[in-house]
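Sequences are here, hints too, so could you generate the full structure?
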Amino acid sequence: MFADYSMGELTAIFAMQGFAGLILFSVFVLMALGLAIIFGQMGVINMAHGEFMILGAYVTYLVSNLFATYIPFAFSIYFFVAMALAFVVTGALGMFVEWAMIRHLYKRPLDTLLATWGLSLILQQIYRSVFGAREVGVSIPDWMMGSLPLTDLIEVPINGMFVMVLAVGISIAIYVLMFRSTWGKQVRAINQNRIMAGAVGINTEWTDRLTFGIGCGVAGVAGSAFTMIGSTGPTAGQLYIVDTFLVVVFGGAGSLLGTIASAFSISQAQSILEFFLSGSMAKVLTLLTVVGILMLRPQGLFALKLRK
Numbered sequence: 084m085f086a087d088y089s090m091g092e093l094t095a096i097f098a099m100q101g102f103a104g105l106i107l108f109s110v111f112v113l114m115a116l117g118l119a120i121i122f123g124q125m126g127v128i129n130m131a132h133g134e135f136m137i138l139g140a141y142v143t144y145l146v147s148n149l150f151a152t153y154i155p156f157a158f159s160i161y162f163f164v165a166m167a168l169a170f171v172v173t174g175a176l177g178m179f180v181e182w183a184m185i186r187h188l189y190k191r192p193l194d195t196l197l198a199t200w201g202l203s204l205i206l207q208q209i210y211r212s213v214f215g216a217r218e219v220g221v222s223i224p225d226w227m228m229g230s231l232p233l234t235d236l237i238e239v240p241i242n243g244m245f246v247m248v249l250a251v252g253i254s255i256a257i258y259v260l261m262f263r264s265t266w267g268k269q270v271r272a273i274n275q276n277r278i279m280a281g282a283v284g285i286n287t288e289w290t291d292r293l294t295f296g297i298g299c300g301v302a303g304v305a306g307s308a309f310t311m312i313g314s315t316g317p318t319a320g321q322l323y324i325v326d327t328f329l330v331v332v333f334g335g336a337g338s339l340l341g342t343i344a345s346a347f348s349i350s351q352a353q354s355i356l357e358f359f360l361s362g363s364m365a366k367v368l369t370l371l372t373v374v375g376i377l378m379l380r381p382q383g384l385f386a387l388k389l390r391k
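Heads up, the sequence shown is in the working numbering, so the first residue is 84 and it goes up one at a time.
These are calculated hints, taken from the structure and not from any lab test. You can trust all of the hints, since none of them are fake.
Here are the in silico distance ranges between beta carbons for each label pair: (1) L196 / F163: 33 to 43 angstroms; (2) N276 / F158: 47 to 57 angstroms; (3) L370 / E238: 22 to 32 angstroms; (4) L370 / Y258: 20 to 30 angstroms; (5) A157 / L370: 38 to 48 angstroms; (6) A151 / I278: 50 to 60 angstroms; (7) P232 / A151: 28 to 38 angstroms; (8) T152 / R277: 46 to 56 angstroms.
Being a predicted model, the structure only gives us computed values, none of them experimental. From the three backbone atoms N, C-alpha and C, an ideal C-beta is built for every residue, glycine too.
Set out below in structure tokens:
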């Protein structure tokens with residue numbers, strides 16, 4: 084197989100596969116960060132997380148069409164407006180879902196799984212009714228098009244680099260929120276001892292609602308980024324939900340560093356294996372490897388130590 088390629092071509096192929104893995108890593112990180120907040124900090128199994136991502140993608144699609152039709156002179160900056168609106172819309176929906184449904188199901192993780200799975204089916208049907216069953220795509224601004232040549236054989240797409248920069252920025256923002264803000268301290272206090280946190284004056288209900296909303300809002304931002312590298316359909320979120328849960332559990336629920344390390348490991352392994360095998364076989368082998376590691380280390384790569 085490798086005899087047909089020169090050393091330079093092989094290096095270029097592996098470099099391109101590695102970069103494709105970095106783009107997949109960025110999508111995994113953006114998806115998993117929101118889920119890590121909801122699942123890791125609140126213990127809620129949100130099976131509708133992919134649909135929140137797709138809602139962010141549809142918001143981006145609508146903003147793209149709005150700018151193209153009514154304010155084409157500002158089309159180059161539409162994505163930043165779309166990203167902010169995606170966060171607000173998905174976050175607001177997440178807070179409503181927490182108030183209407185999730186708050187009644189705390190400490191009943193299997194019930195949250197069933198309830199959010201039903202919610203995902205409802206949202207899929209709403210998307211299908213409003214936007215149609217066919218996939219839609221957005222127009223990428225001119226400054227995001229094309230690629231940057233690193234060598235004569237290696238080129239990297241600009242939109243992929245933008246998604247990676249966005250993933251780094253969101254990761255830093257989540258770190259600051261979780262470990263350098265009053266809200267983050269309250270979330271971690273509630274996670275360790277809800278009764279004591281309430282006793283010292285923390286509004287646990289509002290903190291839960293805001294936490295769920297921020298987790299869903301981050302998923303909306305992931306949906307905006309997703310439009311840069313793929314098309315959007317009513318069921319597109321289901322393609323990533325299993326991988327996202329796998330990333331969170333493998334990294335260690337509630338661990339930001341573990342989520343990032345897990346996303347990088349799984350995305351790179353899957354991308355490189357796709358060069359040797361089919362996409363489905365690469366995913367299967369990656370899944371089996373992760374499951375095998377979790378059998379030996381069920382707490383994940385980075386387990387949080389809670390004070391007893």
